[in-house]
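Going down the list, the protein sequences come from chains A and B. Read in our numbering, the first sequence has 25 at position 25, and its numbers run on one by one without any break. The number in our numbering is simply the position in the second sequence, starting from 1, with 250 added.
Derived by calculation from the structure, the hints in this document are not laboratory data. Ideal Cβ positions, reconstructed from N, Cα and C, are used throughout, including at glycine. Check the hints yourself; a few may be wrong.
Claimed, not checked - Computed far set for chain A versus chain B, every beta-carbon distance over 10 Å:
#1 Arg-15
#2 Gly-20
#3 Val-47
#4 Phe-60
#5 Met-90
#6 Gln-155
#7 Gly-160
#8 Leu-180
Unchecked claim - Restricting the straight-line Cα-Cα distance to at most 20 Å, the calculated cross-link-like pairs of lysine to any residue (SDA-like) are:
#9 Lys-147/A with Ala-166/A
#10 Lys-440/B with Asp-136/A
#11 Lys-24/A with Val-8/A
#12 Lys-190/A with Lys-393/B
2 protein chains.
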Amino acid sequence: MPVNQAPVKPAHAVRALQKGQQTKQAIVDAALGLATQIGLEGLSIGVLAEVTRMSKSGVFAHFGSREELQISVIREYFNQFEQEVFAPSMREAKGLPRLKALFANWMKRIAVEIQSGCLFISGAVEFDDRSGPVHDALSSSVKTWLKALFRAVVQAKECGHLRADADEQQIAFEIHGLILALHFEARFLKNPGSIDRATQGFTHILRLFGADDGALAKPAQPTIKSPVPAARKNAARAKPVSPNSISNKD
Amino acid sequence: MPVNQAPVKPAHAVRALQKGQQTKQAIVDAALGLATQIGLEGLSIGVLAEVTRMSKSGVFAHFGSREELQISVIREYFNQFEQEVFAPSMREAKGLPRLKALFANWMKRIAVEIQSGCLFISGAVEFDDRSGPVHDALSSSVKTWLKALFRAVVQAKECGHLRADADEQQIAFEIHGLILALHFEARFLKNPGSIDRATQGFTHILRLFGADDGALAKPAQPTIKSPVPAARKNAARAKPVSPNSISNKD
Chain A
1 MPVNQAPVKP AHAVRALQKG QQTKQAIVDA ALGLATQIGL EGLSIGVLAE
51 VTRMSKSGVF AHFGSREELQ ISVIREYFNQ FEQEVFAPSM REAKGLPRLK
101 ALFANWMKRI AVEIQSGCLF ISGAVEFDDR SGPVHDALSS SVKTWLKALF
151 RAVVQAKECG HLRADADEQQ IAFEIHGLIL ALHFEARFLK NPGSIDRATQ
201 GFTHILRLFG ADDGALAKPA QPTIKSPVPA ARKNAARAKP VSPNSISNKD
Chain B
251 MPVNQAPVKP AHAVRALQKG QQTKQAIVDA ALGLATQIGL EGLSIGVLAE
301 VTRMSKSGVF AHFGSREELQ ISVIREYFNQ FEQEVFAPSM REAKGLPRLK
351 ALFANWMKRI AVEIQSGCLF ISGAVEFDDR SGPVHDALSS SVKTWLKALF
401 RAVVQAKECG HLRADADEQQ IAFEIHGLIL ALHFEARFLK NPGSIDRATQ
451 GFTHILRLFG ADDGALAKPA QPTIKSPVPA ARKNAARAKP VSPNSISNKD
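Make a model of the complete structure from these sequences and hints.
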């Protein structure tokens, strides 16, 4: 065998590996669906075995522990968030177009989550007084996402689309508040008009920090299609999952 | 006995009643402390019996059901909120001074809740996909409070402190977002500076909607002392507890 050539796995071993990955993914999908309803803390190997009609030992073989299962769910959620909200926004020009696309895609996702719940928001409530690897995975995912939003704001300022003295942290904080208010008021209080209010609030923030009315008037297009096409979703799964992948992009 | 004169209860019956009320209040206090840590859904007659070192039947005698216990906790939290945030703000002049006091008192309460958690926020996540009397008690409490905030905004506009075309619902929505972002970023992400950002965001909103810089520069004084003096707290408990009491005030 030539040097540096990886040994070829027999076809049956490859198939077994693929099947194992598919089963694991099916468990994670079921777990994510459950977690948005009953919370991350409601997940257990036993509950998942029941839902997926597998044996407990079968589920256990894929995750090894409840914590590992919870962390896999957080990573899956983060990947979906990245693919639906972040990645398509990156195709927009740096500055206001990209920032507006990020917000529009985020809003679109939240609009779906008014029905299903948002793991970043419910997870924060579940884990805000705890420590440990699940808390850390969740907090690191949220921070990575907020950092991506922050960077989009920084770029908008660098491009001259916002005032030179605009406080980027402040802008990101206020935008985050709009999303949280939207989720709270639409999902819990069933207040009609919450989506319009969040959209209007976003325009207010940008205007206050110097965006000109011409750029603001141009509607922000959500650049995602929902649901995510299977091919793209699988591509996201195939690559190494890291909560830092967003933050390494320009 | 003259007509219309209530029968006088014997002293021992009055003492027994008072003792019963004290015990019930002690259970509610313990339950509220627990609920901010483990959630409303974590409460049960059994857990409360353990924490208060009473028998299950003793706790049960005061509440009758888990739901009734949960609702009592929501009412107690609402009363505290009313006494700490709302009532003292009512001593400020209508308009911007009152709105600023409401926000300052709310912020002061949230600053404490960065440690202990906010039942309105954690409860919303717990009950946003449920129905029933506990959900309704919580949602009605939150709505009553947000309506009080909304009315303070309306009055500020009526007083000419905000522009005549200011959208009061929009302003209340954006203010709510700041509070939610503060709670999320300070409590879950431990981001320093979140209180300053929420305060600055509040100024931005008021300025955008026409408050003049002179009125904004005057610092908003939190009108509460923490903890609430026992006399006032007890007075609040003595009166009938209704989530609508805030909304009936001018």
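Here is what the structure says about each hint:
no.	hint	verdict
1	Arg-15	holds, 40 Å
2	Gly-20	holds, 33 Å
3	Val-47	holds, 16 Å
4	Phe-60	holds, 26 Å
5	Met-90	holds, 24 Å
6	Gln-155	holds, 20 Å
7	Gly-160	holds, 21 Å
8	Leu-180	violated, 4 Å
9	Lys-147/A with Ala-166/A	holds, 17 Å
10	Lys-440/B with Asp-136/A	holds, 12 Å
11	Lys-24/A with Val-8/A	violated, 24 Å
12	Lys-190/A with Lys-393/B	holds, 11 Å
When the structure is compared with the earlier hints, violations turn up for hints 8, 11 and for no others.
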